[in-house]
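Visitor: Numbering (full-length UniProt numbering), first residue to last: 1 to 357.
Just so you know, the hints here were simulated from the structure itself, not pulled from any lab data.
This structure is a prediction, so every number in the text was calculated from the model and none was measured.
Honestly, I wouldn't trust all of these hints.
[What the hints assert, rightly or not] Subject to a maximum C-alpha distance of 30 Å in a straight line, what follows is the list of computed DSSO-like cross-link-like pairs (lysine-lysine): (1) Lys84 x Lys73; (2) Lys166 x Lys10; (3) Lys10 x Lys84; (4) Lys37 x Lys166.
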Amino acid sequence: MFDQTASAVKFGDPLLRSNVILIVLTTFFLVMRLSAKSSTKARFGLDDACIVLAQLFFYTTAGTQMRAAYVGKHLRGHDDPMFKEFNFYSYISGCMYAPTVVLTAVSILFFYRRIFPVTQFKRIVDLLILVQAGTGIGGGFAQIFVCRDLAVMKADAPTLQNSMHKCINYPAFFLAILTIELTGNVAILLLPIQQIVQLKLDRNTRGMLVVVFLLGGISIISAIVRIVESYLPGENYVDVAGDMFWLGIHEATAIIAASLPVCRPLVRTLSSSVSRSLQKVYIFSGPGSKGSNKQSSDGSYPNHSSKGYISTPSEHSQRELVRGGPGLDTVDREIYMMDMREKSAQVTVQRTRDDMV
1 MFDQTASAVK FGDPLLRSNV ILIVLTTFFL VMRLSAKSST KARFGLDDAC
51 IVLAQLFFYT TAGTQMRAAY VGKHLRGHDD PMFKEFNFYS YISGCMYAPT
101 VVLTAVSILF FYRRIFPVTQ FKRIVDLLIL VQAGTGIGGG FAQIFVCRDL
151 AVMKADAPTL QNSMHKCINY PAFFLAILTI ELTGNVAILL LPIQQIVQLK
201 LDRNTRGMLV VVFLLGGISI ISAIVRIVES YLPGENYVDV AGDMFWLGIH
251 EATAIIAASL PVCRPLVRTL SSSVSRSLQK VYIFSGPGSK GSNKQSSDGS
301 YPNHSSKGYI STPSEHSQRE LVRGGPGLDT VDREIYMMDM REKSAQVTVQ
351 RTRDDMV
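The whole structure should be built from the sequences, with the hints applied where relevant.
Guide: What follows is the structure in structure tokens.
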């Protein structure tokens, strides 16, 4: 028989540390996502609302896990009465799982629906949203009413062990719900690849977009690891403490993966800003910079082409870059808006240099 108390003691400190790290990381990427939407003046939509709600549920999950971990690390044995509190908070943590992962998945699907407004594609997305919502609601209710007598979820270790006949076959339920979730996640992960390939982008940009979307595979890997580490063949339950540890990682990686495609424009702009700043330092303080920007006899600037001004591409030309089918030109609002802002910033930098001369 698996010793849940020993596992609670073993995972106590790792659960506390990992949840602190995961809270910081998920919050950072959520702020990055919202900042990217604000800086590109993109409209906030249902995908943003869903990911914010998912983050709030994750905070609840992490909080209950940390309380369970704190109690669990102080358990003194199989008969320790404090196991009741550990059992209760681990149960609440499990109940928060379904809404967190469903809201994250639906957020990604709403994001797809907005940037790829192709009729056939939208129908597939709508179907997946309904499937995700249905399985999430069903799995959530099953998790809440996992036992006919909910008092079992506040029982001590011996009582819990002797009351499992009042509960559903939890290991089978655990495998079934995670298998359904994994299947849905794989479908969501692969769904946009064909649309990205059809876009009229250069190979490097198209490849980068594919990689960004495929980073969501980290969440799938974490779910597989969770199954391997938490499932106990032949036992009537799973490793509760170990499952909480991997559940938190799985939820956090899913939330982070959902924000990565939206954060990409902001990361590109920050990288370009740093690059321009370093270039300015090199130009104005580097050797031979003195007098290098003086006017020549014909009134031109030797180091500037047409005074170095870089014209900003028209909105039409930007859209032509991504035109690959009905509605696909809307991708430029999410991905290429930053390019226009970057080039405008370059014009400002160049004019500043000319004024200094």
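Visitor: If a hint holds in the structure, say so; if it doesn't, say that too.
Guide: Here is what the structure says about each hint:
no., hint, result
1, Lys84 x Lys73, "holds (14 Å)"
2, Lys166 x Lys10, "holds (28 Å)"
3, Lys10 x Lys84, "holds (17 Å)"
4, Lys37 x Lys166, "violated (49 Å)"
Hint check: a violation occurs at hint 4 only; the rest are consistent with the structure.
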